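Asker: Sequence:
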Amino acid sequence: MTNTSRPHGLPRRHVLTTGLGVAGAAALWSTGTGGTAHAAPADDSRWRDENSANGWPVVDEADSHRIQGSGLDVTLLSGDVSTVLLHVARRFHYEVHELRRNEVLGHHTDRVVAQPYESNHLSGTAIALRPGAYPAGVRGGLFPQQLAAVRHILAECDGVVRWGGDETVPKESHFQVDVRPGDARLTRLARIIRRDTATPGRGAGAINQLVPIG
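Each position in the sequence shown, counted from 1, maps to that position plus 1168 in my numbering.
By construction, these hints were calculated from the structure, which means they are not laboratory data. Here the structure is a predicted model, which is why all the values come from computation and not from measurement. Careful: at least some of the hints might be erroneous.
[Said to hold, decoys possible] Distance windows between CB atoms, simulated:
hint	residue 1	residue 2	range
1	1276	1305	16 to 24 Å
2	1266	1351	30 to 38 Å
3	1234	1277	18 to 26 Å
Glycine included, every Cβ here is placed at the ideal spot set by N, Cα and C.
Given the sequences, and given the hints that come with them, work out the whole structure.
Answerer: Structure, rendered in structure tokens:
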């Protein structure tokens, strides 16, 4: 019988050493809404395009969705996009680290971005999971088992989702839809997720990330 109980998240690795001075820490961190910490942008870089970096139209508002099993809500573009990103968030919650209040960021309208990939929040096609723990510019915040779980999530998404930890300027809390509108791969993945979610013993929370794919 498949065990669907939720494991406790592992504590994050301390990636900022005590040698980091107060001035350096102030340059790295800035406090956003809800007390979430972000890496401070080098300048006031506003995203001016009508599309976000992944090719999706910027939207003024998005719907609120529940991340099942967490009790948390997040605003995302409804449809296949929300189906996929909610699945990523739910697996992260079960397999990487438990999500808590003010630790999830979806759609917003603030056009000031630290990196171009952050513009994908403007289209509702990106989600940040524990951005205060894994800000832009910091790599190595995940333990090996947590990293293995993230890699398994990405492999399951088969190129439809990109992880900020793979960016030149990393942000290990960042996940985005990485295909353009109308891409059949997104439709296919969302269909599989919906099918598995409706099947007992399958879906997020019932997947052992240590079992090899294939």
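Asker: It remains to establish, for every hint, whether it holds in the given structure.
Answerer: Against the structure, the hints:
no.: 1; hint: 1276 / 1305: 16 to 24 Å; verdict: holds (20 Å)
no.: 2; hint: 1266 / 1351: 30 to 38 Å; verdict: holds (32 Å)
no.: 3; hint: 1234 / 1277: 18 to 26 Å; verdict: holds (22 Å)
Checked against the numbered hints given earlier, this structure breaks none of them.
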